[in-house]
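Undergrad: Spelled out, the chains give:
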Amino acid sequence: QKEVEQNSGPLSVPEGAIASLNCTYSDRGSQSFFWYRQYSGKSPELIMFIYSNGDKEDGRFTAQLNKASQYVSLLIRDSQPSDSATYLCAVTMRSYIPTFGRGTSLIVHP
Amino acid sequence: KAGVTQTPRYLIKTRGQQVTLSCSPISGHRSVSWYQQTPGQGLQFLFEYFSETQRNKGNFPGRFSGRQFSNSRSEMNVSTLELGDSALYLCASSLPREGTDTQYFGPGTRLTVL
Numbered sequence: 001q002k003e004v005e006q007n008s009g010p011l012s013v014p015e016g017a018i019a020s021l022n023c024t025y026s027d028r029g030s031q032s033f034f035w036y037r038q039y040s041g042k043s044p045e046l047i048m049f050i051y052s053n054g055d056k057e058d059g060r061f062t063a064q065l066n067k068a069s070q071y072v073s074l075l076i077r078d079s080q081p082s083d084s085a086t087y088l089c090a091v092t093m094r095s096y097i098p099t100f101g102r103g104t105s106l107i108v109h110p
Numbered sequence: 001k002a003g004v005t006q007t008p009r010y011l012i013k014t015r016g017q018q019v020t021l022s023c024s025p026i027s028g029h030r031s032v033s034w035y036q037q038t039p040g041q042g043l044q045f046l047f048e049y050f051s052e053t054q055r056n057k058g059n060f061p062g063r064f065s066g067r068q069f070s071n072s073r074s075e076m077n078v079s080t081l082e083l084g085d086s087a088l089y090l091c092a093s094s095l096p097r098e099g100t101d102t103q104y105f106g107p108g109t110r111l112t113v114l
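In order, the protein sequences belong to chains A and B. My numbering puts the last residue of the first sequence at 110; the count rises by one with no breaks. My numbering puts the last residue of the second sequence at 114; the count rises by one with no breaks.
Check each hint, because a few of them may be wrong.
Stated by the list, open to error - DSSO-like mimics (lysine-lysine), calculated; alpha carbons at most 27 Å apart, straight line:
(1) A:K67 to A:K56
(2) A:K42 to B:K13
(3) B:K57 to B:K13
(4) A:K42 to A:K56
(5) A:K42 to B:K57
Claimed, not checked - Cβ pair distances, simulated, as ranges:
(6) B:S70 to A:R60: 15 to 25 Å
(7) B:R30 to A:P14: 43 to 53 Å
(8) B:L83 to A:K56: 39 to 49 Å
(9) A:Q80 to B:P39: 22 to 32 Å
Worth flagging that the hints you see were computed from the coordinates, not collected in a lab. All residues carry an ideal CB built from backbone N, CA and C; glycine is no exception.
Work the whole structure out from these sequences, hints included.
TA: The structure is reproduced here in structure tokens:
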């Protein structure tokens, strides 16, 4: 049973639109939640992390956490073609070693 | 502050050989984790070292081993290489116990086993 689930996509959005990426996790005791972006052939780079229920905003990115429903999402406002990448959700559960989802491929078309 | 560095960036080996990969964490980071990433399995945790001790281990065979030195630099070794070991090997460092446990990745080593 997968512990961190993401829709593999691809999610295709037009330039300027809001991209919404979702992630669900199985362990109710999960404590830390991360979003990474990975360009093809590159390593994951941290976008943001969130610990508490609610929204956390950083520039064009907003992370939303709902522990009761066990999901975390990432909104990208004013999407740009340069945002086209795979977005990885990571969750720390029983240990502080994060478990990664398989990622959602995002395509932003002009 | 310099990021995580990994060497070499690319490796080509044949089945049965062994390989050693190196990782230098961000200055001040004491935890180093290793991951294997393949298209089929995604990002899978290998092991984590902290203060020269393996603190966590993923579900990989004993052919995969690692160590950490007193300066926090880490090496990973894979013996008796198999074709299925072809992957991107990623090292990540973090500064645990500061409430973030955020992992920062190096550029990776692309291993190809022929």
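Undergrad: Each hint should be assessed against the structure and marked as holding or not.
TA: Now the hints, each set against the structure:
For the hint linking K67 (chain A) to K56 (chain A), the alpha-carbon distance of about 14 Å falls within 27 Å, and the restraint holds. With a CA separation close to 21 Å, the supplied pair K42 (chain A) and K13 (chain B) stays within the 27 Å bound. Our distance criterion of 27 Å between C-alpha atoms is met by K57 (chain B) and K13 (chain B), whose separation comes to about 25 Å. With a CA separation close to 26 Å, the supplied pair K42 (chain A) and K56 (chain A) stays within the 27 Å bound.
This hinted pair checks out: K42 (chain A) and K57 (chain B) have alpha carbons roughly 24 Å apart, not beyond 27 Å. Taking 15 to 25 Å as the suggested C-beta distance range, the pair S70 (chain B) and R60 (chain A) does not conform, at roughly 42 Å. Judged by the Cβ atoms, the range 43 to 53 Å given for R30 (chain B) and P14 (chain A) holds: they are separated by roughly 45 Å. Taken as a hint, the range 39 to 49 Å holds for the pair L83 (chain B) and K56 (chain A), whose Cβ atoms sit roughly 43 Å apart.
At about 26 Å, the beta-carbon gap between Q80 (chain A) and P39 (chain B) stays in the expected band of 22 to 32 Å.
The earlier numbered hint that this structure contradicts is number 6, and it is the only one.
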